[in-house]
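S.K.: Got chain Y sorted already, so can you dock chain E onto it with the hints?
2 protein chains.
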Amino acid sequence: MKDIYVKDVAALEDGTEVELKGWVHKIYDLGKISFVKLRDKTGIIQIVIDESLNVKLRLEMCIAVKGKKVKNEKAPEGIEVQVDELKVLGKTYYDKLPFAINAGKIKAALETQLDHRTISLRAPKITAVFKVQEKIADAFKDYLKGQNFTEVYTPKIIASGTEGGSELFTVNYFDHRAFLAQSPQFYKQMMVGSGFERIFEIGHAYRAELHNTYRHLNEYVSLDLEMGFIEDEFEIMDLEEGFMNYLFKYIKKECSAELKLYNIELPEEVKIPRITLFDAQEILLKEYGKRSPKGNIDNEGEKLFAEYVKKEYGSDFVFLTKYPAAKRPMYTMPDDEIEGATRSFDLIYKGLEITTGGQRIHDYEELVANIAKMGFKTEEFEFYTDNFRYGMPPHGGLAIGLERLTMKILGLDNIREAALLPRDMKRITP
Amino acid sequence: MKDIYVKDVAALEDGTEVELKGWVHKIYDLGKISFVKLRDKTGIIQIVIDESLNVKLRLEMCIAVKGKKVKNEKAPEGIEVQVDELKVLGKTYYDKLPFAINAGKIKAALETQLDHRTISLRAPKITAVFKVQEKIADAFKDYLKGQNFTEVYTPKIIASGTEGGSELFTVNYFDHRAFLAQSPQFYKQMMVGSGFERIFEIGHAYRAELHNTYRHLNEYVSLDLEMGFIEDEFEIMDLEEGFMNYLFKYIKKECSAELKLYNIELPEEVKIPRITLFDAQEILLKEYGKRSPKGNIDNEGEKLFAEYVKKEYGSDFVFLTKYPAAKRPMYTMPDDEIEGATRSFDLIYKGLEITTGGQRIHDYEELVANIAKMGFKTEEFEFYTDNFRYGMPPHGGLAIGLERLTMKILGLDNIREAALLPRDMKRITP
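Here the protein sequences come in this chain order: Y and E.
Mind the numbering: the first sequence is residues 1 to 430 in UniProt numbering, read in order.
Mind the numbering: the second sequence is residues 1 to 430 in UniProt numbering, read in order.
What the hints contain is simulated information worked out from the structure, not anything from laboratory work.
Please read all numbers here as calculations on a predicted model, not as lab measurements.
Treat each hint with caution, since some may be false.
If chains are identical, the list can't say which one is meant, so a pair holds when it fits in one copy or spans any two.
In silico lysine-lysine, DSSO-like type, Cα no more than 27 angstroms apart, as pairs [claimed, not checked]:
1) K96 <-> K377
2) K249 <-> K141
3) K252 <-> K141
4) K271 <-> K2
One chain only, chain Y, in its complex shape:
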């Protein structure tokens, strides 16, 4: 077992004996001695190997070294380890690495990097993405647990789709046809009703969308929450705004090195303007001559509107509110004031939708009527609607795409860069 990491060496006294284990990151072979960069989970350190040790190192070999920590002004960070003993722990079996990971930015197409994901992930700048991603999920969890939310695990194998069966992957489940959940929507609501009141889930969601774009994955991690006993959808927006403030503080503290690597400065405070979809469409038309599709804003519109909000409000975020009922799922609560609108919202961050949320219908009869009105067969949803017969509190919630949020925080170009092992229309390996 490892008991010391590269990051711990700097604090040790000069001359201390250490045993380090990691990967051979770089080799400068000077004949009599070699300067080698050893990489582990926590950093990179220079080690000095005398030819008398008689080992033939290759890049990315796994090794264990014993030696003395010494100061050396010429070494990076001013320290190095003079190796007395070296053991190869993991041999290599390649002619040539698929690409270099020790020379700054990887010079290979993203697809090639993903084909060799366990190599590209070794590059410190790419590892950093997943450090940040882990901390986003931690922040989500911490923030919600602090507000009396319960974490749940709901099934991903389901009998009917949330929105009537489109965009679902089918699973051969014994003698049945089942589906992969495109969101935990139904179950989140049911868990609120079953007495948990406030729940969240961090889990996979599946979309059989025929999109192969920079912002779509067919399997992604969804940060989902649902909260009972609300007055309106604005409480859900308040909660998300609170989360974003918590998150940015958390990441600044936990991931300062990673943010620096990506030249990211996060704002001190997040204050998110709330603009109705209708108003946003009007602004797009007036300011940019941009026409929007009925009841929505397209990808180009999202980007233009983000520009506008940045200019007018100084914010990277904007809530678009009051989407029309025709464009929202059948469980969305109708708005009291605006005819045909709903108590719903999207959150746009740097021009990309990262959240959909809103208040849901909680009255059984209203829900069943709305399902019928939208043209679905009510009996197909009885496993869901029947739960609403037994006292369901007013409630609402939201979902944040973890990869999208990671991508936008770090300014990545493609969502595949924010997934350890992305799944898209063409990729189910590695």
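M.R.: What follows is chain E alone, placed relative to chain Y:
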């Protein structure tokens, strides 16, 4: 939004105005006044409703009440709320509840309880199961994060099965046939190799096993970990033993009320005997006249052996070690000392296997040779084995079934009781 919960009322001064929201748990209608038990996420409290408020309450209705907190020696816990205002937040639409949840143990078959899961979950004793389950997952996460493990999310849609395709659900993935991951095994190992060194994942796993027993689910939550730079499989056992000690302390602290509800006393310290499978088989034969299947112990054997270990070692746990290679997957590290054995183990807790783990083969050539030796097509596993060409440290890991651990800690009879919404051969709803 709720700002006060039932559990907070006791600490308030007498006469304080409170607004509580929750479900109608029990009604004693005395005509002029009614004593009602109001239930929320945190507990149950008596509220007193005068007939002048003119509301017809039904069980499980969602209500909000405003009133004064007062002392009343006759009330449970000695306090109640005298209601001035009452609002129905969630109406009910039923003729009769499927079963009573306010009269102690639910008098309905488990299948009926699961058919109406959002009702059975409202019973405080059943809610308690998921409080404990949540804390188990929290403890796993805390314990591992404290030891430099990284949390990861790996794909559940995969191209080939871990053990060659048996017991896999197939997914129609665009033009391909894909599978649901029966474990994150391959990806855990790959992530260790890609520089994370130590990783864990809490996620769903899928087994298309044709078993409908008290201890099988077809979709379950797996607590998975994998650790690089180990010497042997005993380090993985040490880690798990450490986790169990951490877990029990954690649960005793966080879930004392829930443990009390189930009459569970957890031991102060967990010290787990380690016995080879061969020795265990010999003991079973000698002590109980019980013959075991070749290279394994069956369900009855596990129970008998648990009895033996409890008697001889005073332990609810036992590690069975050194399983034969023929009974372990192709990635299992062969043992150096015992011919035909592997560096593997199971953890049995109160007579049920809750963990499988061990050291894995990390050398590329050895792995490929072992895959071929076990009769699989090596080319089908190239997306996995190719990663071993680039320096893989010695490593091992384990997986704990979350529902099994929950079930055994609380002494539940059926694993379905430890899943919010279980999936088995016959159940994909609700």
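S.K.: Now tell me if each hint is right for this structure.
M.R.: Each hint tested on the structure:
1. K96 <-> K377: between (58 angstroms within a copy, 25 angstroms between copies)
2. K249 <-> K141: both (15 angstroms within a copy, 22 angstroms between copies)
3. K252 <-> K141: The answer is both: 17 angstroms in one copy and 22 angstroms across copies each meet 27 angstroms.
4. K271 <-> K2: The answer is between: 23 angstroms across copies meets 27 angstroms, while 44 angstroms in one copy does not.
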